[in-house]
Amino acid sequence: MKQLVVISGKGGTGKTVITAAFASLAQNKVMADCDVDAADLHILLEPKILEKHQFTGGKTAVINNEKCNQCGNCIKVCRFDAISLNPQSTIHNPQSVSIDSISCEGCGVCFHICPKMAIKMEDNLSGEWFISETKYGPFVHAKLGIAEENSGKLVTAVRQNAKLIAEKENRDLIIIDGPPGIGCPVISSITGADYVLIVTEPTLSGIHDMVRVIELAQHFRVRICVVINKYDLNIEMTKKIENYCKISKISVMEKIIYDSVVTESVVNKKTIIEYSNGKVARQIKNVWEAIQNELN
Amino acid sequence: MIISVASGKGGTGKTTVAVNLALSLDEKVQFLDCDVEEPNAHIFLTPEIKKKHSVNILIPKIDESRCTYCGKCSEICAYHAIAVLPKSVMIFEQLCHGCGGCSLLCPEKAIEEVCKEIGIIQIGKSKKIEFINGKLNVGEAMSPPLIRAVKKNITDEKVVIIDAPPGTSCPVIESIKGSNYCILVTEPTPFGLNDLVLAVEVIRKLKIPFGVVINRSDIGDEEVEKYCHKENIPVLMEIPFDRKIAEAYSRGIPVIEAILEYKKKFQELYKNISGD
Numbered sequence: 385m386k387q388l389v390v391i392s393g394k395g396g397t398g399k400t401v402i403t404a405a406f407a408s409l410a411q412n413k414v415m416a417d418c419d420v421d422a423a424d425l426h427i428l429l430e431p432k433i434l435e436k437h438q439f440t441g442g443k444t445a446v447i448n449n450e451k452c453n454q455c456g457n458c459i460k461v462c463r464f465d466a467i468s469l470n471p472q473s474t475i476h477n478p479q480s481v482s483i484d485s486i487s488c489e490g491c492g493v494c495f496h497i498c499p500k501m502a503i504k505m506e507d508n509l510s511g512e513w514f515i516s517e518t519k520y521g522p523f524v525h526a527k528l529g530i531a532e533e534n535s536g537k538l539v540t541a542v543r544q545n546a547k548l549i550a551e552k553e554n555r556d557l558i559i560i561d562g563p564p565g566i567g568c569p570v571i572s573s574i575t576g577a578d579y580v581l582i583v584t585e586p587t588l589s590g591i592h593d594m595v596r597v598i599e600l601a602q603h604f605r606v607r608i609c610v611v612i613n614k615y616d617l618n619i620e621m622t623k624k625i626e627n628y629c630k631i632s633k634i635s636v637m638e639k640i641i642y643d644s645v646v647t648e649s650v651v652n653k654k655t656i657i658e659y660s661n662g663k664v665a666r667q668i669k670n671v672w673e674a675i676q677n678e679l680n
Numbered sequence: 233m234i235i236s237v238a239s240g241k242g243g244t245g246k247t248t249v250a251v252n253l254a255l256s257l258d259e260k261v262q263f264l265d266c267d268v269e270e271p272n273a274h275i276f277l278t279p280e281i282k283k284k285h286s287v288n289i290l291i292p293k294i295d296e297s298r299c300t301y302c303g304k305c306s307e308i309c310a311y312h313a314i315a316v317l318p319k320s321v322m323i324f325e326q327l328c329h330g331c332g333g334c335s336l337l338c339p340e341k342a343i344e345e346v347c348k349e350i351g352i353i354q355i356g357k358s359k360k361i362e363f364i365n366g367k368l369n370v371g372e373a374m375s376p377p378l379i380r381a382v383k384k385n386i387t388d389e390k391v392v393i394i395d396a397p398p399g400t401s402c403p404v405i406e407s408i409k410g411s412n413y414c415i416l417v418t419e420p421t422p423f424g425l426n427d428l429v430l431a432v433e434v435i436r437k438l439k440i441p442f443g444v445v446i447n448r449s450d451i452g453d454e455e456v457e458k459y460c461h462k463e464n465i466p467v468l469m470e471i472p473f474d475r476k477i478a479e480a481y482s483r484g485i486p487v488i489e490a491i492l493e494y495k496k497k498f499q500e501l502y503k504n505i506s507g508d
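Order-wise, the sequence lines are chains A and B.
Numbered by this note's numbering, the letters in the first sequence go through residues 385 to 680 in order.
Numbered by this note's numbering, the letters in the second sequence go through residues 233 to 508 in order.
One thing to keep in mind: the hints can contain errors.
Said to hold, decoys possible - So, partial list: chain B residues that the calculated Cβ filter (under 7 Å) puts toward chain A:
no., residue
1, Gly240
2, Val434
3, Lys437
4, Pro441
5, Gly443
6, Glu457
Hints listed in this document are in silico derivations from the structure and should not be mistaken for laboratory results.
Where is the CB? At the ideal position from N, CA and C, for every residue including glycine.
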């Protein structure tokens, strides 16, 4: 069983549109949306949710001011500036201590050093993940809780479950829609994958971010190739991308044209393959065929 | 005044709005690019970088001559960054958040902390604008400490504009926390709406006043506008799709230089949110 991940460095280059098109084209696969911060693939795949799971990815420190004697040790050791003396004092708590749950990284150092055992670590419900059925087969996706951390761990949960389904149902491919950037969720999305497709666009920011994400993929020793989306918006920049890839020995699989039919398909909540027979759809089919050859 | 520009989804035009707002103001401006995974604002502002320094987190180093392999450090590490074997200790640097708990609580005082670079900060000037950005080292997972380091440079006497990263998790929260106003940039498509709704929930949780800018406002459907109306969210500005803007963007040219009347529009946007 192989794992294909679509990433981009920069957001908004067309990752999800291309991943959804692959869902229409690929046989015998599992789909996974690892952009758990801003999951969008479900909009095009219209999943029917079969299973819903809570995800507790970390802990948060909570203080009991009845037990606290304001020694201040917790404030001193917290490296995330999450603990402070509460300026709003009351008769019972002349100087109560407060912990900002958003700044707290759940390291537990305050809990360990508190001499009064006034701090406890509580589980964080940091998201949910789902197993769904779509007309294109099984789909694993997630929703990160609002203002929650641990998106890297949630990505790992999505990938692990996609893999379990693929093994159980004898499916030979997992197609993963990855997050933007080069940080923790992207690293979780590509480690151990077989092949990474990088979608870029012909803009200075597109090139800049593509170079960073290529370095990242190479750092983790994953095989990569590039697709230039909306290439005709700036032919000169497209050439620059092609040159960079040529020097770096990375294949540019396709240059996809800009066409407003793509936005139309998204507004109609259809994959581009379902919605159109035009050039963009044909070009993405070419990409899919080339990737199949690479994977086999 | 601190104004952050966020979006939920990537590629909606966050950097475009942040950069053009900064360039349009007559006030003294400090510009912070907090999208440390993929910083892009320098492409448009072309600052002259005057200072660079590296940002470190502290990670544990074991003194094996003192270590008794008791396992306490591994037991208290919330991030599973330390594994203690019968005769050795393994440290997984990528997982370490630098909380310092292991060195503080080691009963044998066998752990010291050493610096590990996670990225750099660059400080410079672009005409009147003071420019600061952070650049995360490739392969490094932890961006919030770098974002915190970028934000340490904030000075009160200027208008501070923060270009935030996409998404709704830790790096975004770290970037927009403490802002007086947040501009959310979106586009009028089902993707844009889905991610806008998530971003609005985040901002409401942080209790920061906010409004929306709709980019490429004529390409999709009416749902974003309907949502803003229903939720009483002000639509601060609409930027229609214009090939001239797209081309200028692709070359790293700010919108206000490509289409002059936008300068006035961004000034009005600022007036609107600052209450001047």
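- [ ] Would you pick out the hints that fail for this structure and give their numbers low to high?
- [x] Result: hints 4, 5, 6 break, sorted rising.
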